[in-house]
Amino acid sequence: MTRRIAILAVALLMASLAWAQAPATPPAPAPEPAAAAPATPPAPAPVAITDKDLTSVPAPSADARAKGDPDGSLTGTVSDVVVGDSKKGLTIGDLANQAGQNRVAINFVWTLITGFLVMFMQAGFAIVETGLCRAKNANHTMMMNFMVYGVGMLAFWLIGFAIQMGGVGALGTLGGTPVLGGEYSVTLFGKTFGLWGQNGLFLMHKGTYDVAVMVMFLFQMVFMDTALTIVTGTVAERWKYAAFMVSSFVMGAFTYPLFANWAWGGGWLANLGGNFSLGHGYADFAGSGVLHSVGGVTALAMGILLGPRLGKYNRDGKANVILGHDIVLVLLGCFILAFGWFGFNPGSTLAASGNGALRIGSVAVNTMLAGMTGSFGAMLYMWIRYGKPDASMSGNGLLAGLVAITAPSGFVNPVGSAIIGLIAGVLVCVSGEFVDRVLKVDDPVGAISVHGTNGLWGVISVGLFADGKSNFGGSWNGVSGNVTGLFYGDAGQLVAQLIGVSTLVGLVFTFSFVVNWVIDAVVGQRVAAKAELEGLDMPEMGAVGYPEFELKASAARM
Amino acid sequence: MAIAGLIVTLLGFIIAVASLGMSSSVSGRMVIVLVGLAVSLVGIIGLINPAYQKKAAWRK
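As they're listed, the protein sequences go chains C and Z.
1 is the number of the first residue of the first sequence in the working numbering; add one for each residue after it.
1 is the number of the first residue of the second sequence in the working numbering; add one for each residue after it.
For reference, chain C alone in the conformation it holds in the complex (with noise of 0.2 Å):
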């Protein structure tokens, strides 16, 4: 008891720390002495450049290069810019084209990596899964993770990414061309309401074959798997393949890139702010609500439409415990999912130069606040409630933090971060417990609450956190600007984050679960109640994960 005292008191004195550190108002700028200020000194006349100028630019020598350039003061200079005509040598047009090269392929390389970071999510949640399911089912579980990430790329590449981004225009930080021009709209409330892009089928379709598309797509397509993969931990050790192959499809190709469009690909959502005056619109920097909001929801569906694991609930209702069958691999991939998450958010400024690209040092230390005062809350809920620091749990808080902070890390400050993920730990517990002893509905690995809860605490936490510090270029969503939420005096932005909340609860759940309702009515979603209780590795895939485990059981049971 007087250990459970301590621990609640301890997080009580972290929470109020957080707390007395908030900013109630903007800091005010330091009074300047007007007396002792210098005077400033007279701008220079400015001073023509011409290209005959440029030929005085030294070079590094033709012998010097020929010996190596082992300190690197040979590589890197004015031989080293691209010259359009050889016989007028260089110039200044050549030196404007070398810079806004230099700045898109800045921004290419940026957009790429973090990318590619994401990518490798799909590791982080594949064995997060299998990890808390049981062995008889690994080889089913990291199968559905392994494949999500082709069927989804599939989906995307045909329709999805026309849906999505077709109509979302010119890619201003990657330079691109006006290609994605064809957003289809109606008209209601005398305002324009987009729903869907039209250009950019098999990233071929009316001039989409364009090196930006190629780059917006490529980090568009593996944020769009990660939603997918939640579903999958919903409905794990139950889940018919087949099925599981044409729901991710049609959720590749039209569930995640419908609400994708309205928040991020010029759609109704985005445009609350300048049709409706409601703050800058809905803002989701990097996805709680159109990723992690969307694959939540939509494994709230698939939860209720499947009923539970066998053995999950007595007849009088009590909850069991299942355990998963494999603590290192969930902490593993909880870390590797944390890695990932740089990708993630950072990344969503599609540029590291211009534009107030260089925020990504803010995101990116908001991110990780967020994932550690998530891992903190939800331990310290698990320790103070159940008398033990459990350890799915902690991993559960740390994801859950950076689920909330996908949205608000590129418009709020470090404490407004750290208190996000801390409520995010909490919530994510609290949350896990209703949805599985009042709703009863299973959830092997919490991926309601991890990303269906918090993805939407994530959406409304920008309307209340946002500082209106951030500056990516002077608008957003076409509005001048910084995005500001109600405890910094705009009430309007938290108006549109939760008309987005309520299109993800009303709309996205309601088009998820007629869809699947659907898919179960033609393929049959759920395994038959022998190939459950037998493990699905045999009947589903013909092979077990793990062989000589299994010879391992059957000796123990002899």
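One should not assume that every hint holds.
Dumping the calculated DSBU-like pairs for lysine-lysine here, alpha-carbon to alpha-carbon at most 30 Å [what the hints assert, rightly or not]:
#, chain 1, residue 1, chain 2, residue 2
1, C, K530, Z, K55
2, C, K318, Z, K54
3, C, K318, Z, K55
4, Z, K54, C, K530
5, Z, K60, C, K530
6, Z, K60, C, K318
One side only, chain C facing chain Z, incomplete, derived with CB under 10 Å [to be verified]:
#, residue
7, L278
8, G307
9, G492
10, V501
Hints in this document: simulated from the structure, not taken from any laboratory.
Since the model is a prediction, treat every value here as computed from it, not as a measurement.
We treat Cβ as the ideally placed atom computed from N, Cα and C, and that holds for glycine.
Once you have looked at the hints, place chain Z on chain C.
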């Protein structure tokens, strides 16, 4: 009852979107959106899920 739940859930979304035309004040819109959100949650938690829980395997 599940179909009724789906209709109620969707109705909640429609109420939230209708707030854009029903009110021009931020506080008015916020109230209407919150009502819409509550209606959607009633549809999911109060109607759809209980409809499926009634025929759950663990009750048999």
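Structure-based check of each hint:
A C-alpha spacing of about 19 Å is found between K530 of chain C and K55 of chain Z, which places the hinted pair at or below 30 Å, so the restraint holds. The hinted pair formed by K318 of chain C and K54 of chain Z meets the criterion: a straight-line CA distance of about 15 Å does not exceed 30 Å. For the proposed pair K318 of chain C and K55 of chain Z, the alpha carbon gap of about 16 Å is at most 30 Å, so the pair holds. Distance check on the hinted pair: K54 of chain Z and K530 of chain C sit about 22 Å apart at the alpha-carbon level, within 30 Å; holds.
This hinted pair checks out: K60 of chain Z and K530 of chain C have alpha carbons roughly 16 Å apart, not beyond 30 Å. The hinted pair formed by K60 of chain Z and K318 of chain C meets the criterion: a straight-line CA distance of about 14 Å does not exceed 30 Å. Among the interface hints, the one on L278 of chain C holds; its C-beta lies about 7 Å from the nearest C-beta in chain Z, closer than the 10 Å criterion. At its closest, the beta carbon of G307 of chain C sits 5 Å from a beta carbon of chain Z; the interface hint therefore holds under the 10 Å criterion.
A cut of 10 Å between beta carbons decides the hint on G492 of chain C: the least distance to chain Z is about 5 Å, and the hint holds. With a cut of 10 Å, the hint placing V501 of chain C at the interface with chain Z holds, because the nearest CB-to-CB distance is about 6 Å.
Consistency note: the structure conflicts with none of the earlier hints.
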